[in-house]
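*Asks:* Each chain, written out:
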Amino acid sequence: MAATSNSENGNGNGKYKVIGTRPIRHDGLDKVTGRAVYGIDQNLPGMLYGQTLRSPHPHARIRSIDTTKAEALEGVRAVVTADDFSPAGDDEVISLVEGVFRLTHMRSNILAKDKVLYQGHSVAAVAATNIHIAEEALRLIEVDYEILPYVEDVHEAMREDAPLLHDDLTTEDFGEDTGTKSNIASHTQFKIGDLEKGFGESDVIIEHEFKTASVHQGYIESHNATAEWKTDGQLTVWTSTQGAFGVQKQTAGILGIPVSKVKVVPMEIGGGFGGKIPVYLAPQAALLSKKSGRPVKIIMTRADVFKSTGPTPATYVKVKIGADKTGKFLAAEANFAFAAGAFPGSPVWAGAMCVFSCYSFPNALVDGYDVVLNKPRSAAYRAPGATPVILATETIVDEIAEKLGVDPIEIRLLNAAQEGVRRVDGVVYPVIGCRETLEQAKAHEHYRTPLNGPNQGRGIATGFWVNAGLKSSATAHVNEDGTVNLVEGSTDIGGSRASIAMQFAEVLGLPAEAINPSVGDTSSVGYTELTGGSRVTFATGWAAYEAAQEVKRKMMAKAAMYWEAPEEEVRFEDGIFLHATDADKKLSFKELAGHLKDLGGAVVGSGTVDPDYGSGGSFTTCMADVEVDPDTGKVTILRFTMIQDAGTAIHPSYVEGQMQGGSVQGIGWALNEEYFYSEGRMQNASFLDYRIPTCFDVPMVDTVIVEVPHPGHPFGVRGVGEASIAPPPAAIAIAIYNAVGVRLRELPMRPDRVLAACLEKLAASH
Amino acid sequence: MQNFEYCTPRTLGETFDLLGENDCQCRVLAGGTDLIVQLRQGALSVDRVIDIKHLPECKQLICDPIEGLTLGATVPCHRIYEDKAIVDTYPGLIDSIAIIGGIQIQGRATVGGNLCNSSPSADSIPILIAYGATCEIVGAAENRRIPVENFCTGPGKNILEKGEILVAIHLPPVPKSSGAHYLRFIPRFEMDIAVVGAGAYVELDDEGRMFNKVRIGLAAVAPTPLYAREAGDLLKGREVSDESIDAAASSAQSIARPISDMRAPAEYRKHLVKVLTRRALWGAINRARGEFVPNAVQNNDQ
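Taken in sequence, the protein lines are chains F and R.
Residues 15 to 780 in this note's numbering are what the first sequence lists, from first letter to last.
Residues 156 to 457 in this note's numbering are what the second sequence lists, from first letter to last.
FYI, nobody ran anything at the bench for these hints, they're computed from the structure.
Do not take every clue at face value.
[Unchecked claim] Restraint ranges, calculated between C-beta atoms of paired labels, are given here: (1) F/Glu160 to R/Glu316: 20 to 28 Å; (2) R/Ile260 to F/Asp338: 56 to 64 Å; (3) F/Asp55 to R/Pro211: 40 to 48 Å.
[Unchecked claim] Mimicking EDC-like on lysine to aspartate or glutamate, the simulated pairs with C-alpha atoms at most 20 Å apart in a straight line are: (4) F/Lys648 to R/Asp347; (5) R/Lys425 to F/Asp645; (6) F/Lys648 to R/Glu422.
This structure is a prediction, so every number in the text was calculated from the model and none was measured.
Heads up, the beta-carbon is just placed ideally off N, CA and C, and yes, glycines get one too.
Build out the structure end to end from the sequences listed, making use of the hints.
*Replies:* Pasting the structure below:
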């Protein structure tokens with residue numbers, strides 16, 4: 015195991031030439047000079063501008079929609095509603111890496127059919143010659159609503175007498191349809207061992223309830239889509255997305271046309287974090303384009319991003335853990351309900367995988383419920399489902415340690431998950447780096463540095479994310495100057511062009527700069543699942559590795575042709591093609607590339623992979639120091655350290671970037687971010703009142719990269735994009751407790767909540 | 156955004172002509188950092204926007220030891236906090252205007268606009284109240300001067316009549332043993348709207364031990380910014396002590412009637428009034444005693 019701190023200037027790890035170094039990213043110059051082309055930059059001749067009419071009500075039946083006045087407005091070229099969808103086909107299910115969705119639900123989320131299910135639900139869209147006319151036309155659309163009772167709390171939504179959102183939704187229990195009409199879309203259960211026996215043998219049992227608010231990914235670039243539906247039936251979509259093939263699949267499914275009729279061009283992306291997996295605008299823009307015969311661009315406003323696109327589910331989580339006197343965990347039980355929003359599909363399965371993921375629990379039971387209610391459909395957000403359940407488990411682990419007088423790192427080390435441990439959902443861990451992150455925490459100078467002031471406290475927590483594998487493709491073309499054009503299918507959110515190109519370069523002994531990576535559209539690269547699940551550096555990097563292997567084989571054959579020697583006499587070492595017996599025959603990659611034009615033409619290599627889940631996941635341990643203002647309850651983060659197992663860090667700077675990004679978002683969840691509702695309506699749909707951390711709210715986040723190589727990947731890569739968001743709220747809750755003696759079990763830990771807890775404690779002590 | 160007419164009058168006369176036209180919904184623009192946002196959101200509907208930035212009366216910025224400070228209504232925050240004399244003489248004003256939005260906003264936003272927008276949470280108003288500032292209002296027919304604490308009448312509402320504009324704000328001169336301080340509570344450390352704001356102005360005796368005069372202003376705890384007159388008056392002639400300050404803070408707290416909203420629950424706001432009033436008073440006292448109290452412009456690094 016190796017560990018790299020960001021205070022060291024890591025430059026290579028000795029094992030590899032390119033991997034582990036920190037070259038300048040290939041897309042860097044365009045990004046910092048403003049030349050990178052984003053979705054809103056897309057302009058086409060004759061293009062119209064679209065706007066969307068959204069419901070002001072949390073729950074209402076649509077009696078009628080009258081669009082005649084809007085259509086009559088000068089400059090309006092098309093108005094569409096749900097009636098413009100072609101008659102619904104089969105109710106297929108679409109899998110999008112971090113969730114599975116019914117096509118009928120996806121379609122009615124794009125344009126409401128009979129009912130609106132949340133404030134912000136789209137009911138109609140307009141295309142006009144400019145954006146102001148389109149906006150004015152929205153005011154001329156008359157919608158007759160019959161207001162219905164709404165439900166916004168997860169427990170109320172689960173009640174039998176709750177207002178039902180969907181006539182056709184019945185509870186699925188253990189994968190079986192119960193036939194019971196309910197807002198509970200599904201119940202998931204996982205179980206190992208004998209729970210009763212485990213709790214029976216426990217010397218200490220602690221159980222608590224936790225709540226977390228809906229939070230938004232808060233990507234800086236809002237959703238956008240430009241669509242051109244030509245008369246030959248070919249539809250092209252330019253959009254900001256985490257996956258061009260995901261947009262193709264959803265758009266084709268929603269519109270009821272074959273995927274071959276939809277080409278999706280992924281533009282540069284200004285953040286996604288899971289929120290740019292679902293489509294919102296592409297089908298609207300497509301329908302408007304079809305009706306008007308012109309290309310149509312729609313850009314979502316920030317308020318609509320908040321009100322109409324998926325935040326995380328609000329959650330209720332109850333966890334109970336039993337341990338013996340030494341702190342060894344004997345049993346654990348979790349029961350949680352996730353508020354999926356208007357349509358099912360919250361990450362209950364992931365919550366179940368993560369809740370007890372960091373430790374060995376011989377006996378455990380998890381019950382999870384996916385519940386619909388009158389809020390926007392939730393979407394994936396960095397380690398979906400993990401953060402709320404890790405908050406619960408880690409807080410209780412801390413309480414057990416305190417009760418038994420055991421050091422919080424020691425109790426975690428005593429129980430840490432490792433190779434061979436069976437998780438509650440049945441997965442048996444391969445080689446993982448949970449223990450190693452804890453050991454690094456223990457050895458870290460942060461852990462040994464005393465706090466220096468009243469009302470200060472330190473918290474430690476461990477987290478996990480499962481990490482996906484799935485399909486990826488890459489294709490490489492060798493240029494005659496010895497460089498290589500590498501087209502890959504993963505949209506680049508966090509520096510993945512660089513990390514993929516570096517894995518390709520490593521195989522061929524080329525510098526990273528010799529590779530020109532680009533992200534392909536759906537017609538220029540093989541099928542690639544979306545950028546999510548911490549899978550891109552792992553899987554698309556692997557596809558690039560395979561493509562490089564093919565290039566290597568073909569180049570060796572070209573070398574043989576050049577030397578008129580049998581292929582088996584050519585070797586490839588350290589980036590040089592060698593003749594097995596004639597030491598004078600040597601060609602660098604560049605030299606050989608220069609001869610390709612006389613050797614039968616181009617060298618093209620491609621790779622496709624489909625590694626399954628079971629990559630072992632990635633573990634994180636973090637430490638937070640806080641200071642609480644006892645008069646106001648305001649929490650200041652004094653110091654923060656994030657430690658993560660990256661398997662092998664391809665580009666350490668981008669690994670650290672992910673770790674810092676996840677930490678900052680986790681701090682946001684912990685302290686201030688929340689969807690604030692009143693009467694079924696979001697009150698804080700702006701970056702002013704939806705408070706993501708600013709640079710003044712977070713200290714420099716120190717990072718330590720731990721490298722326990724993944725045995726199943728050619729370079730030992732594990733995904734690193736998500737696990738860093740899982741433990742920060744727990745670490746901060748524990749730090750607050752250590753600072754002022756109050757346990758907060760509801761996110762966000764707003765100043766008023768911290769103060770109320772402090773005042774309550776004060777009152778109780780008198 | 157809807158279409159509207161945009162006018163840039165060069166004289167007061169022109170301005171009144173534009174304002175006075177019948178059947179024409181007008182709004183006056185200074186920095187525009189509230190107005191343009193409201194127009195974009197569709198919260199306001201107007202026929203005409205009158206930009207008064209080019210009126211000489213609105214551009215004045217004069218810091219005079221005898222006359223006090225004259226602050227033209229369209230002077231942007233950055234012009235104020237880049238003026239060393241003002242920074243040294245009116246640090247309490249700087250406390251507030253240097254935390255309104257970020258630096259880009261401060262390049263445009265004006266104190267006059269902050270007043271006319273009349274938000275209960277306006278950062279500049281409590282400290283203007285504490286300094287005893289007055290508003291110079293000019294109309295086609297008559298001019299008037301009124302204390303800042305009487306300017307706002309409700310959220311987004313004020314005493315300006317149709318055809319009147321706020322031209323300038325006047326802060327009285329400050330005697331030697333005086334000090335002022337503004338602070339607000341926000342859940343983050345920047346870029347927020349005040350959950351509660353408190354501004355205090357004190358005049359102490361020559362020894363810095365007794366209060367001669369105290370004025371306290373509050374934000375975000377009522378439909379308008381508040382002047383906590385009694386809280387200030389009860390300190391007059393009393394010794395500077397935790398006890399007397401606590402009594403004033405409690406008095407200020409008693410007049411707060413905050414609401415619960417997305418920014419904070421009412422009960423919490425009420426609690427904060429006491430905490431912030433106390434802290435604002437101590438900041439003002441320390442300045443009156445010649446001690447250094449940092450703000451966004453003057454910090455320990457300098």
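*Asks:* Work down the list of hints and note, for each, if the structure agrees.
*Replies:* Outcome of the hint check:
no. : hint                             : result
1   : F/Glu160 to R/Glu316: 20 to 28 Å : 44 Å, violated
2   : R/Ile260 to F/Asp338: 56 to 64 Å : 58 Å, holds
3   : F/Asp55 to R/Pro211: 40 to 48 Å  : 43 Å, holds
4   : F/Lys648 to R/Asp347             : 14 Å, holds
5   : R/Lys425 to F/Asp645             : 12 Å, holds
6   : F/Lys648 to R/Glu422             : 16 Å, holds
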